[in-house]
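Going down the list, the protein sequences come from chains A and B. Residue numbering for the first sequence is 1 to 121, as defined by this note's numbering. Residue numbering for the second sequence is 1 to 143, as defined by this note's numbering.
It should be emphasised that the hints constitute simulated quantities derived from the structure, not laboratory data. Using N, Cα and C, we set each Cβ at its ideal position, and we do this for glycine too. Watch out, some of these pointers could steer you wrong.
Claimed, not checked - Mimicking DSBU-like on lysine-lysine, the simulated pairs with C-alpha atoms at most 35 Å apart in a straight line are:
hint	chain 1	residue 1	chain 2	residue 2
1	A	LYS64	A	LYS19
2	A	LYS19	B	LYS114
3	A	LYS91	B	LYS138
What the hints assert, rightly or not - Which stretches of chain A does chain B cover? Using the computed rule of at least three CB atoms under 8 Å from a CB of chain B, they are:
hint	region
4	60–73
5	110–116
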Amino acid sequence: MATTYGYKRSVVGAHYGWKDFLVQRISAIVMALFTLLVLVRLLLVQGPIGYEAWAGVFSPQWMKALTFAVIVALIWHAWVGMCSIWYDYGKPAGLRLLLQAATAVWLISCGGWMIEVLWRL
Amino acid sequence: MSEASKPRPEFRNLNVFSDLTTYRMPLAAWTSILHRVSGALMFLLLPLIIWLFDKSVSSEISFGQFSAAFSAGLWIFPGWFIKLVVLALIWAYLHHILAGVRHLVLDVTHRTTKPFGRQTAASVLVVSVLLTLIFGAKLFGLY
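Construct the entire structure; sequences and hints are all you get.
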């Protein structure tokens, strides 16, 4: 049974992790569909694929907007995935905290870089 | 097979050197641990992936730097090493996406039987390696 401590704060329950579970799947579907979209756009290119054709795949405004959503999906997906790895192997708890903090810094830095690349496209 | 009558090994306080080497790994377990390994690999090599993407889309000149990484090399690494790392990334992406689709199929269909789990796990392992070989041959200029 769910027990409440303090002001109606449930500390046990079946739905913990449900949000991560959904985020992991929705972000995965977004990235998988984006992969297919990029592949299709590449297949539609006539002739050899050089710089112009490759950059052209990502340059339309709607494609940039979509790529931005994929960057968010990727960072969030990697965060949930890496956390589940640290939950399993990151022991003791102090070390896990350190690893999770480093993961957050790593992912936010990479996310910023990706957005920067997208910005000047 | 009378699995119930046979005493099964119990693992407590796992020893990496003696227990992990004798741990029974069905195909689904391989698919599962490689899903993790491939994800962690892409997480660790994210800066390389972004660098390559950055150079490939930013300008005509940077596109030249992108191409040169695979022939002349990058930083202290020779070109063939960059190709090997990118080949590992190609495998990681393919294995991760296929294992992910397998997860979604299992989530949606609720087909949790042993044979189905084994078949889909085998498909993920085989298809990801086959596609890696096809893309890898292109990467190393075999066709």
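* Asked: Between LYS64(A) and LYS19(A), does the CA-CA distance stay at or below 35 Å?
  -> Holds. LYS64(A) to LYS19(A) sits at ~27 Å (cutoff 35 Å).
* Quickly compare the C-alpha distance for LYS91(A) and LYS138(B) to 35 Å and report which way the hint goes. => violated, 42 Å
* To do: Below or equal to 35 Å on CA atoms is what counts here, so check LYS19(A) against LYS114(B).
  => Between LYS19(A) and LYS114(B) the Cα gap is close to 28 Å, so the pair holds against 35 Å.
* To do: Given that the region 110–116 of chain A was listed as covered by chain B, double-check it with a C-beta distance under 8 Å for 3 or more residues.
  => holds (count 3)
* **Cβ contact check, 8 Å cutoff: the region 60–73 of chain A against chain B, three residues minimum** => violated (count 0)
Comparing the model with each numbered hint stated earlier shows that hints 3, 4 do not hold.
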